[in-house]
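First residue of the sequence shown: 1, per full-length UniProt numbering; consecutive thereafter.
These are calculated hints, taken from the structure and not from any lab test. Take the hints with a grain of salt, since some may be wrong.
[Said to hold, decoys possible] Lysine-lysine pairs mimicking DSS-like chemistry, simulated, CA-CA at most 30 Å apart: (1) LYS228 to LYS132; (2) LYS79 to LYS99; (3) LYS197 to LYS219; (4) LYS219 to LYS99.
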Amino acid sequence: ERAGGTIRFRGKGSPSSSEAPSRKNGPAHLLFVKWRKEAVPSPWLGMAARRALKAVLVDLSGTLHVEDSAVPGAQEALKRLRSAPVTIRFVTNTTKECKRDLLERLRKLGFDITENEIFTSLTAARNLLEQKQVRPLLLVDDKALPDFTGIATDDPNAVVVGLAPGHFHYEMMNKAFQLILDGAPLIAIHKARYFKKKDGLALGPGPFVTGLEYATDTKAMVVGKPEKTFFLEALRGTGCAPEDAVMIGDDCRDDVGGAQNAGMRGILVRTGKYRPADEGKINPAPYLTCENFPEAVEHILEHLL
Numbered sequence: 001e002r003a004g005g006t007i008r009f010r011g012k013g014s015p016s017s018s019e020a021p022s023r024k025n026g027p028a029h030l031l032f033v034k035w036r037k038e039a040v041p042s043p044w045l046g047m048a049a050r051r052a053l054k055a056v057l058v059d060l061s062g063t064l065h066v067e068d069s070a071v072p073g074a075q076e077a078l079k080r081l082r083s084a085p086v087t088i089r090f091v092t093n094t095t096k097e098c099k100r101d102l103l104e105r106l107r108k109l110g111f112d113i114t115e116n117e118i119f120t121s122l123t124a125a126r127n128l129l130e131q132k133q134v135r136p137l138l139l140v141d142d143k144a145l146p147d148f149t150g151i152a153t154d155d156p157n158a159v160v161v162g163l164a165p166g167h168f169h170y171e172m173m174n175k176a177f178q179l180i181l182d183g184a185p186l187i188a189i190h191k192a193r194y195f196k197k198k199d200g201l202a203l204g205p206g207p208f209v210t211g212l213e214y215a216t217d218t219k220a221m222v223v224g225k226p227e228k229t230f231f232l233e234a235l236r237g238t239g240c241a242p243e244d245a246v247m248i249g250d251d252c253r254d255d256v257g258g259a260q261n262a263g264m265r266g267i268l269v270r271t272g273k274y275r276p277a278d279e280g281k282i283n284p285a286p287y288l289t290c291e292n293f294p295e296a297v298e299h300i301l302e303h304l305l
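Generate the whole structure from the sequences, applying the supplied hints.
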């Protein structure tokens, strides 16, 4: 169990405690956990031995804010992170609104963020549609449609699914079902199981995508987190390799698991959609679990630079 910069072990017959990998703790290859007289390297020692951090990817909804409320202390923590010699990118699976509206929401909350720092799954979806030159049936929220301006949607020959509560009814789902049966590719902007709202958790697009997969006996092409290509695309132009980057997010599978599968470190925060024991849902476990974004920034500034 990690708390701050320390790994703690609990239970009968547990090993002696050992500090988490840190540049301040000396060479990472000298750190070991003792268990029954055997020296067992910590699973994140390889990460700790890498070069100093160059890029930080930050999730938005659930990590910096929940709807129109900022996570306490997140604005000041972002300012502190900007003082470090790292490139910052904000990566999000949100399909509830276009990038312009998302940026306006963040600025109203006091976050100093520019449009070119945000990489969304809507952008990734649009890039794929242009690459494949298809005409999509867009199952996305109407507020997200501006990000698809210029994409032909007449006589659709592809199905794109995001979070679209107003479109997830029988007639529209059946139309998507029939298109897929006729050979249209199924493109999932992401497959999140749920997301965090002020009044609790709410269904994400994942269950609806899975329903279409089941009914048509096909597999969706996923473009957002946790896909490796999404994280690599987000890093493009930064000059940073995955091993030089860390991802901070509240979704253990999509944020942390996806980033770690792409070669980054992943920091899970206990805000937003986080639920107790989420850490055990991926393998390897998160590099670190923090209470919130400010605590994650503190760890980065103290241990990864």
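Each hint tested on the structure:
1. The straight-line distance between the Cα atoms of LYS228 and LYS132 is roughly 19 Å, inside the 30 Å bound, and the hint therefore holds.
2. A C-alpha spacing of about 22 Å is found between LYS79 and LYS99, which places the hinted pair at or below 30 Å, so the restraint holds.
3. Simply put, LYS197 and LYS219 have alpha-carbon atoms about 29 Å apart, close enough for the 30 Å limit, and the pair holds.
4. Restraint check for LYS219 and LYS99: satisfied, since their Cα atoms lie roughly 28 Å apart, inside the 30 Å limit.
Comparing the model with each numbered hint stated earlier shows that all of them hold.
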